[in-house]
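Q: Line by line, the protein sequences give chains A and B. 71 is the number that the working numbering gives to position 71 of the first sequence; each next residue is one higher, with no gaps. One rule links them: number in the working numbering = place in the second sequence (from 1) + 206.
I should point out that these hints are in silico values taken from the structure, not numbers from a laboratory. Model, not experiment: these values are computed from the prediction. Backbone N, C-alpha and C fix where the C-beta goes; we use that ideal spot for every residue, glycine too. Any given hint could turn out to be false.
[Stated by the list, open to error] Simulated crosslink set (DSBU-like; lysine-lysine; CA at most 30 Å straight-line):
id : chain 1 : residue 1 : chain 2 : residue 2
1  : B       : Lys245    : B       : Lys256
2  : A       : Lys40     : A       : Lys50
3  : B       : Lys405    : A       : Lys199
4  : B       : Lys246    : B       : Lys256
5  : A       : Lys50     : B       : Lys256
6  : A       : Lys39     : A       : Lys50
[Unchecked claim] Computed Cβ-Cβ distance ranges for the label pairs, DEER-style:
id : chain 1 : residue 1 : chain 2 : residue 2 : range
7  : A       : Asp155    : B       : Asp307    : 15 to 21 Å
8  : A       : Asp71     : B       : Gly283    : 27 to 33 Å
9  : A       : Gly75     : B       : Val235    : 49 to 55 Å
10 : B       : Asn385    : A       : Gly149    : 31 to 37 Å
11 : A       : Gly149    : B       : Ala303    : 52 to 58 Å
12 : B       : Asp307    : A       : Ile98     : 32 to 38 Å
In case you want the letters, here they are:
Number of protein chains: 2
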Amino acid sequence: MGRTSDAGERLVTSARQLISMRGYQNVGVSELCTHAGVKKGSFYYFFRSKEELALAVVDAFWQDYEARLDDSLAGSGSPLSRLERFLDDTYLRHRSAIAVDGCVRGCLLGNLALELATTTEMVRDRVALAFGRLSAALEVIVGEAMASGEVPEGDPHLKGEELLAYIEGIILLAKARNNVDVIAHLRRGALALLGVDQKNERSQTE
Amino acid sequence: MGRTSDAGERLVTSARQLISMRGYQNVGVSELCTHAGVKKGSFYYFFRSKEELALAVVDAFWQDYEARLDDSLAGSGSPLSRLERFLDDTYLRHRSAIAVDGCVRGCLLGNLALELATTTEMVRDRVALAFGRLSAALEVIVGEAMASGEVPEGDPHLKGEELLAYIEGIILLAKARNNVDVIAHLRRGALALLGVDQKNERSQTE
């Protein structure tokens with residue numbers, strides 16, 4: 001039983017790695033099984049379809065992402081400084097991934113959304129759920145930053161949505177140009193969206 | 207000759223339509239030929255590979271996009287009002303496409319970037335070129351809006367880049383949720399990025 005359950009996890013880990021790098025359509029079940037060291041016949045013991053494996057990949061990605069989000073947002077410091085930490089961490093994480101991947105692979109959620117939204121409703125739906133949770137977390141921290149007076153008053157929900165769009169858009173551009181430095185602008189644009197005066201802020205790129 | 211050249215154009219038109227809806231990997235050469243009414247044997251007379259057809263699709267998309275951009279940005283009105291017109295047009299175009307597509311299909315450039323950037327360098331490169339041109343056009347109009355005093359002073363290049371990221375991010379979110387109303391927020395977030403006071407601005411969603 002231990003080995004069986006382990007094989008399912010290995011399939012998720014392999015799928016996450018291969019799909020993150022090359023997209024969903026580009027990765028076949030046979031290759032996934034070989035990469036995970038799992039017999040092809042066993043695949044359908046764990047997952048009814050490749051789509052179902054993709055859902056498990058989104059869940060695993062979100063679980064890790066949420067843990068990092070909590071570390072950044074729920075730590076010490078003022079609300080705005082915690083949001084800035086999250087934005088800086090996002091850039092640093094993508095930058096350090098270059099050494100492993102050799103290129104900008106983007107955000108798994110954004111990649112799957114644009115690749116599969118029009119063809120695989122259940123994957124689109126799961127990605128949308130993760131985006132909803134990220135937007136909600138951003139809304140909370142923005143609300144706190146508004147309450148503390150660091151960010152001008154406004155609608156925290158709308159600002160959380162704007163931040164989410166900007167984060168995904170910056171990562172998309174970085175991937176389109178295969179240039180991670182694009183993400184170095186994440187904090188500056190995010191603070192502009194929130195209406196924070198940046199004359200006294202130091203840019204990540206300086 | 208007329209018919210031959212027409213067949214090449216039909217292949218580009220079909221590819222643009224099918225790839226926009228379902229992605230690049232999901233559309234095969236046989237299906238493209240059937241859709242375009244072109245014999246499969248003729249495909250390689252026009253394009254050395256499916257990748258080369260994808261480049262022609264990006265070029266055709268950008269040609270149309272640039273014409274719309276010029277219509278919006280180069281028309282009458284103040285620089286800021288022309289930028290707003292472009293943002294509003296972007297939303298309305300995606301909204302009216304729903305009637306044809308039945309879902310939010312997103313931006314072809316963003317879709318191809320996230321699907322192919324890590325696997326097909328020449329498509330990534332062509333998409334990056336189009337994004338560079340869009341960013342440059344946004345930089346020009348933002349620079350004019352800064353000169354006219356409608357937008358606070360700043361670096362027009364960086365603001366153009368931020369706008370481009372935000373536009374792509376908003377469209378990505380709309381596709382992930384299959385909800386075009388997300389794009390209704392385009393103008394509001396864009397003006398926030400530029401630091402424009404929106405107390406007297408009417409939101410598109412109101």
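Q: Indicate, hint by hint, whether the structure satisfies it.
A: Here is how each hint holds up against the structure:
1. Lys245/B x Lys256/B: 15 Å, holds
2. Lys40/A x Lys50/A: Given that 30 Å is the threshold and the Cα spacing comes to 12 Å, the pair holds.
3. Lys405/B x Lys199/A: 23 Å, holds
4. Lys246/B x Lys256/B: 12 Å, holds
5. Lys50/A x Lys256/B: 25 Å, holds
6. Lys39/A x Lys50/A: Holds: Lys39/A and Lys50/A sit about 15 Å apart, inside 30 Å.
7. Asp155/A x Asp307/B: 15 to 21 Å: 30 Å, violated
8. Asp71/A x Gly283/B: 27 to 33 Å: 47 Å, violated
9. Gly75/A x Val235/B: 49 to 55 Å: 52 Å, holds
10. Asn385/B x Gly149/A: 31 to 37 Å: Check passed, 33 Å falls within 31 to 37 Å.
11. Gly149/A x Ala303/B: 52 to 58 Å: 42 Å, violated
12. Asp307/B x Ile98/A: 32 to 38 Å: Holds, at about 36 Å.
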